[in-house]
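K.L.:
Residue strings, one per chain:
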Amino acid sequence: MTKSLVRLKRPERLLKMITRFLSRDLGLTHAAILVFNPEKSHYAVFDSRGVKKLPLSFLRFDAHHPLIRWFHSKDKETQMLRNYLSRERIQTALRHDSPAKRRPELRKDLEGLARILKDLRVEIAIPGHFKEVLVAILLVGEKLSRRLFTQTEIHFFQTLVHDMALAVKTTEHSREIKKLRQKEEETYYQIVKSLAQQIHAKDPYTFGHIQQVEQLGLLAAEELGLELDSKRKATLSAGLLLHDVGKIGIPDPILKKPASLDSDEWKVMRTHVEKGVKILEPLTDFKEAAEIVHAHHERWDGRGYPRGLKGEAIPIEARIVSVVDAFHAIVSTRCYRKGRPMDEAFEELRRCSDSQFDSRVVEAFIRVMKKNRKVI
Amino acid sequence: MTRLLVVDDEPEICDFLKSFFEDRDFDVQTALSGERALELVETFKPQVMLLDIKMGSVDGISVLRKVKEKNPKTKVIMVTALETTEKIEEAMRLGADNYITKPLSLEYLENDVREKIASLASKA
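Protein sequences appear in the order of chains A and B.
Take the first sequence: its position 128, counting from 1, is numbered 128 in the working numbering, and each next residue is one higher.
Take the second sequence: its position 73, counting from 1, is numbered 73 in the working numbering, and each next residue is one higher.
Please keep in mind that the hints were generated in silico from the structure rather than gathered at the bench.
Note that CB positions come from ideal geometry on N, CA and C, so glycine has one too.
There's no promise every hint is true.
Claimed, not checked - Short derived list, chain A residues pointing at chain B, Cβ under 10 Å:
(1) P38
(2) V45
(3) L56
(4) S57
(5) L59
(6) I116
(7) D119
(8) A345
(9) F346
(10) R350
(11) C352
(12) S353
(13) Q356
(14) K371
(15) N372
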């Protein structure tokens, strides 16, 4: 049972299910579970109204409530009563020669607890700990048959509440992990953005442009029907934003030259691809993004650089980057020329389909651009 | 014996609180509606009243207003499931003596009721 309980995402429903099962199938007046709510720092009640319709979920139990305190404490002498409490056990403890006879404060505690159980019309209360922390308390009403509970039944309750405590804790943990992971993803994205800004501090491209490249690239990917889970999306974003990260390592006179580059200068310029890969490679989180950077100057016909990859051997993300990047280069005004109209850019992209670009990507991109003219 | 009136549109809650306070030697009556509550205010003359702020048909606030008009000495503790501060503020302005929010702590509730009774006794 433990395994299936632990996998549940929403323990609230499970807890209600258990109380329903207990009250209905075991023929109890009612059953309820107190569960610690760390945000509100009290114990909330999940219950089944049972046949007697006892509503307990309008109640809360604060951390200093005698019942909570009782199961928190580890007093050796009353260990038995801390494993579980029943009205019957309390009466016995009060009646016979027991620690309660010698310790007036203990007597008072037990009398108080008996009253609480009576108020709640609860026959047995069983704590569920996880790593010494009190996570839950199972409250069980009377049997409809009015018979007493057997040891086997009580043992079953103990196992059950132990498993519930485990399930509740596991859910809390996985929620915390999820939050942490989200935070990590945000940080990652911030790093990518600040890196991208760094690149374009040196490049005549402005940062606004590079953000457009990112947006358009993501839209094109969607149009192509790529299944973008959050991780793949982040990788593609990073690829779109960082494809030119290696330009950090290109000398300014070449990078900012207002005229065409000669062949030696081109050789240097082309090294920005491998320089980019080198920058990203040591960062485990950027491993896949580095792949995109590595392939963004490859051509569909295999005549690109640096590896001369061809067709489908080029990652689809890199094929997208190459189309979006080329488009932007055409429509942007640079220091050495004026930007050209969008329709001309589309023509240019189509002219280079199947040679420089994957035609499927080009067509998807143009469709997206026509749908989103307002974006740019 | 202190007379306590519990007003809530959920019968189970009424029953629960009735037996809880009867065990503590209170004389308890319950009302499931505002109309019934107002009748009981006349006939039963409760010293303390637990009044749900949001009931199905009648608004707890309007019941409060009438009670405070007719029997201003009755101590009224508002019970609310939602922490709607405006409603609570309105109730307090209209003379409610305190409010408690659901899910409620029985210990806190009992202390509060006893406090109200003590303040009645001291004025008498």
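K.L.:
The structure should be examined with respect to each hint, and the outcome stated for every one.
P.N.:
How the hints compare with the structure:
Violation of the interface hint for A/P38 is found here, the shortest Cβ-Cβ separation to chain B being roughly 16 Å, above the 10 Å cut-off. Residue-level restraint check for A/V45 holds (minimum Cβ-Cβ distance to chain B is 7 Å; threshold 10 Å). Because the smallest distance between the Cβ of A/L56 and any Cβ of chain B comes to about 8 Å, under 10 Å, the interface hint for this residue holds. Given hint, A/S57 at the interface with chain B, holds; its Cβ is 7 Å from that chain's nearest Cβ, closer than 10 Å.
For A/L59, the interface hint holds, since its Cβ comes within 10 Å of a Cβ in chain B; the closest pair sits about 6 Å apart. Hint status for A/I116 relative to chain B: holds, with the closest Cβ pair at about 8 Å, below 10 Å. For A/D119, the interface hint holds, since its Cβ comes within 10 Å of a Cβ in chain B; the closest pair sits about 6 Å apart. At its closest, the beta carbon of A/A345 sits 57 Å from a beta carbon of chain B; the interface hint therefore is violated under the 10 Å criterion.
Interface hint at A/F346: violated, since its Cβ lies 57 Å from the closest Cβ of chain B, which is beyond the 10 Å cut-off. Checking A/R350 against chain B: minimum C-beta separation of about 61 Å lies over 10 Å; hint violated. Interface restraint check for A/C352: the shortest CB-CB distance to chain B comes to about 63 Å, outside 10 Å, so the restraint is violated. Using the Cβ-Cβ criterion of 10 Å, the hint placing A/S353 at the interface with chain B is not satisfied: the shortest such distance is roughly 61 Å.
The restraint placing A/Q356 at the interface with chain B is violated, with a minimum CB-CB distance near 63 Å, outside the 10 Å limit. Hint status for A/K371 relative to chain B: violated, with the closest Cβ pair at about 45 Å, above 10 Å. The criterion of a C-beta within 10 Å of any C-beta in chain B is not met by A/N372, whose closest approach is roughly 43 Å, and the hint is violated.
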